[in-house]
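Use these hints to put chain Y onto chain V, whose structure you have.
Chains V and Y supply the protein sequences, listed in that same order.
Heads up, the first sequence is in the numbering used here, so the first residue is 1 and it goes up one at a time.
Heads up, the second sequence is in the numbering used here, so the first residue is 1 and it goes up one at a time.
It cannot be assumed that every hint is accurate.
Simulated crosslink set (SDA-like; lysine to any residue; CA at most 25 Å straight-line) [unchecked claim]:
1) Y/109 x V/69
2) Y/462 x V/57
3) V/6 x Y/368
4) Y/242 x V/67
5) Y/388 x V/43
6) Y/265 x V/43
7) V/83 x Y/98
8) Y/94 x V/43
9) V/40 x Y/88
10) V/40 x Y/365
11) Y/478 x Y/443
12) Y/462 x V/43
13) V/83 x Y/88
14) Y/109 x V/64
15) V/24 x Y/320
16) V/24 x Y/420
17) Y/462 x V/6
18) Y/109 x V/67
19) Y/109 x V/63
Please keep in mind that the hints were generated in silico from the structure rather than gathered at the bench.
Everything numeric in this text was worked out from a predicted model, so none of it was measured.
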Amino acid sequence: MILDRKQVEEIAFLARLELTEEEKEEYAAQLSAILSHVAKLQELDTTGVPPTVHILPVSNVLREDEPGESLPVELALANAPEKAEGCFVVPRILEE
Amino acid sequence: MELWKLPAHSLHKLLVGGEVTAQEITSAFLQRLREVEPQLQAFITVTEELALEQAQEIDRRREKGEELPPLAGIPFALKDNISVRGIPTTCGSKMLENYIPVYDATIYKRLREAGSVLVGKTNMDEFAMGSSTEFSAFHVTRNPWNLERVPGGSSGGSAAAIAAGAANFALGTDTGGSIRQPAAFCGIVGIKPTYGRVSRYGVIPFASSLDQAGPMARTVTDAALVLNVISGHDQRDSTALKEPVPDYTSYLVPDVAGLKIGVPKEYFGEGIAPEVGAAIWEGIRLLEKLGARVEEFSLQTASHCLSAYYIIAPAEASSNLACYDGIRYGYRADVDDLLGMYTKSRRVLGSEVRRRIMLGTYALSAGYYDAYYHKAQQARTLIRQEFKEAFEKYDVLITPTTPNVAFALGAMVDDLLAMYLSDVCTLAANLAGLPAISLPCGFSQGMPIGMQILGKPFAEGKILQVAYTFEQETEYHKEFPPVSKGVM
Numbered sequence: 001m002i003l004d005r006k007q008v009e010e011i012a013f014l015a016r017l018e019l020t021e022e023e024k025e026e027y028a029a030q031l032s033a034i035l036s037h038v039a040k041l042q043e044l045d046t047t048g049v050p051p052t053v054h055i056l057p058v059s060n061v062l063r064e065d066e067p068g069e070s071l072p073v074e075l076a077l078a079n080a081p082e083k084a085e086g087c088f089v090v091p092r093i094l095e096e
Numbered sequence: 001m002e003l004w005k006l007p008a009h010s011l012h013k014l015l016v017g018g019e020v021t022a023q024e025i026t027s028a029f030l031q032r033l034r035e036v037e038p039q040l041q042a043f044i045t046v047t048e049e050l051a052l053e054q055a056q057e058i059d060r061r062r063e064k065g066e067e068l069p070p071l072a073g074i075p076f077a078l079k080d081n082i083s084v085r086g087i088p089t090t091c092g093s094k095m096l097e098n099y100i101p102v103y104d105a106t107i108y109k110r111l112r113e114a115g116s117v118l119v120g121k122t123n124m125d126e127f128a129m130g131s132s133t134e135f136s137a138f139h140v141t142r143n144p145w146n147l148e149r150v151p152g153g154s155s156g157g158s159a160a161a162i163a164a165g166a167a168n169f170a171l172g173t174d175t176g177g178s179i180r181q182p183a184a185f186c187g188i189v190g191i192k193p194t195y196g197r198v199s200r201y202g203v204i205p206f207a208s209s210l211d212q213a214g215p216m217a218r219t220v221t222d223a224a225l226v227l228n229v230i231s232g233h234d235q236r237d238s239t240a241l242k243e244p245v246p247d248y249t250s251y252l253v254p255d256v257a258g259l260k261i262g263v264p265k266e267y268f269g270e271g272i273a274p275e276v277g278a279a280i281w282e283g284i285r286l287l288e289k290l291g292a293r294v295e296e297f298s299l300q301t302a303s304h305c306l307s308a309y310y311i312i313a314p315a316e317a318s319s320n321l322a323c324y325d326g327i328r329y330g331y332r333a334d335v336d337d338l339l340g341m342y343t344k345s346r347r348v349l350g351s352e353v354r355r356r357i358m359l360g361t362y363a364l365s366a367g368y369y370d371a372y373y374h375k376a377q378q379a380r381t382l383i384r385q386e387f388k389e390a391f392e393k394y395d396v397l398i399t400p401t402t403p404n405v406a407f408a409l410g411a412m413v414d415d416l417l418a419m420y421l422s423d424v425c426t427l428a429a430n431l432a433g434l435p436a437i438s439l440p441c442g443f444s445q446g447m448p449i450g451m452q453i454l455g456k457p458f459a460e461g462k463i464l465q466v467a468y469t470f471e472q473e474t475e476y477h478k479e480f481p482p483v484s485k486g487v488m
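Chain V extracted, bound-state conformation:
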């Protein structure tokens, strides 16, 4: 298997996902199967080939900097699970 259980735990942590013990086993097997399939790509000679960074022939898109309508605070907060005084509320991140 390309990925073991420990690697699955590390990836899950990076992605801020919580997995059950059973899911760790399952994901290790499933992700390994997918990765071994996509490994076929290594057969393709890409020496000196630039990666696609954008599919369209555009670089910078500019327009006049004119003030326009923007989202009022109360609408921007309308879907917030918790809010106070015009702000999003998050759990405490600093110890007292």
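Leaving out everything else, chain Y in the frame of chain V:
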């Protein structure tokens, strides 16, 4: 007269001629919707009241003598990842079950300006990740041609609704085939426009360099009318190019004389059901008889598209879906510490979504980036290059839309690679940013078969013309599904 069976251009004539009202049209579709919805479960939200209000407004405009645009009073459905202010937009996910957008997607706004009437938001695989709509967090949608089979995905709700006549047209989104594959499975027309043709503002992202919204309809003409409305630059989406938007209906001319069709051999090889391959070839021969020139050729990169796609799409998704952290919108678990709040909130994401986030996170992580993501983006350059060369020789390319007809419900949920392979014919258009259309071209096992026509960037007109020519010569699009259990 069954109004729900009529194409938009016929309904328009009846409406402006004063033979029916917009409210009668909307009521007819809503009645059909109520009739088929218990079997199909194509919708997440039905907006009946809103639809009747919008239809009433069209009737008032007509009474005042206003000239109505072609899609005014025509009922449509939106895939549930397209934002509508004040209407739940769930993306098929528990994460967004209670999310109510505070702004409209540009494409919805444009359809409203054109006077179309919203009947509901359709079911989809969670965050558009899937090929059967079975990964919706809410319910399974069934195929109107056979209720024991999947409608395809991820725009499966839109496809099933249009095939059954619950709305005249719908919008779907297509990241690797999510408009064309369900269109093929349900026997309708679906267009993935050129990347940059249609604004993505207000469309909840899956993989931003591949996503594109497009029309799903019963006829090529109706699809062209919808494309006319949704195409064009948007100040709110800098990737929606300023390229001029032609009147796509001007391409609806039955003429393929001298047209050069390229047929890539790799799309007819291993894994393609013989009946499907035969139906596509029969279609190609028909176009040849009508004056097109046909040539087989080889697309060397074809076998690498699936691999490149299953690195690039999850990588972009893992980054896009990082916003579901329980803070600004979406589900939030009641936990006191920040890290715990993130991980517990993200537990509501379904297994396929989490799997793809994991895959993408891995492909982008230090030490693996070069082997996976960088390599896949290099492959993408080669894929684009090969298509560019092909279009120097051919006007359009024709392939099957899917390797087989719609599969049975539950048949592939445990075999992910097999499920991913059902998109093998459609992925290249997303990777290369090309426009592609799927249209009905036959039946096998009582299920529709879809033919895919690909064009150069911004050559939507050309693929519409070829599709229209084929449609005028065939009867497949005239069939209506039984909305009952078939013989398996």
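If you draw a straight line from the CA of residue 462 of chain Y to the CA of residue 43 of chain V, is it 25 Å or shorter? Violated. Residue 462 of chain Y to residue 43 of chain V sits at ~35 Å, over the 25 Å cutoff.
Just to be careful, I want the Cα atoms of residue 462 of chain Y and residue 6 of chain V compared with a cutoff of 25 Å; is the pair within it? 52 Å, violated
Against the 25 Å threshold, does the CA-CA distance of residue 40 of chain V and residue 365 of chain Y hold or violate the hint? 20 Å, holds
Residue 24 of chain V and residue 320 of chain Y: Cα distance at most 25 Å? 23 Å, holds
If you draw a straight line from the CA of residue 40 of chain V to the CA of residue 88 of chain Y, is it 25 Å or shorter? 41 Å, violated
Between residue 83 of chain V and residue 88 of chain Y, is the straight-line Cα distance small enough, at 25 Å or below? 20 Å, holds
Would the hint linking residue 109 of chain Y and residue 63 of chain V be met if the CA-CA limit is 25 Å? 22 Å, holds
Verify the proposed pairing of residue 109 of chain Y with residue 67 of chain V, using a straight-line Cα cut of 25 Å. 21 Å, holds
Under the criterion that the straight-line Cα-Cα distance not exceed 25 Å, is the pair residue 462 of chain Y, residue 57 of chain V satisfied? Holds: residue 462 of chain Y and residue 57 of chain V sit about 21 Å apart, inside 25 Å.
CA of residue 83 of chain V to CA of residue 98 of chain Y, is that 25 Å or under? Holds, at about 16 Å.
Taken at face value, is the distance from the CA of residue 69 of chain V to the CA of residue 109 of chain Y at most 25 Å? Holds, at roughly 16 Å.
Given pair status - residue 443 of chain Y, residue 478 of chain Y, alpha carbons within 25 Å: Holds - the C-alpha atoms of residue 443 of chain Y and residue 478 of chain Y are around 13 Å apart, at most 25 Å.
Hint compliance for this structure: hints 8, 9, 12 and 17 are broken, all remaining hints hold.
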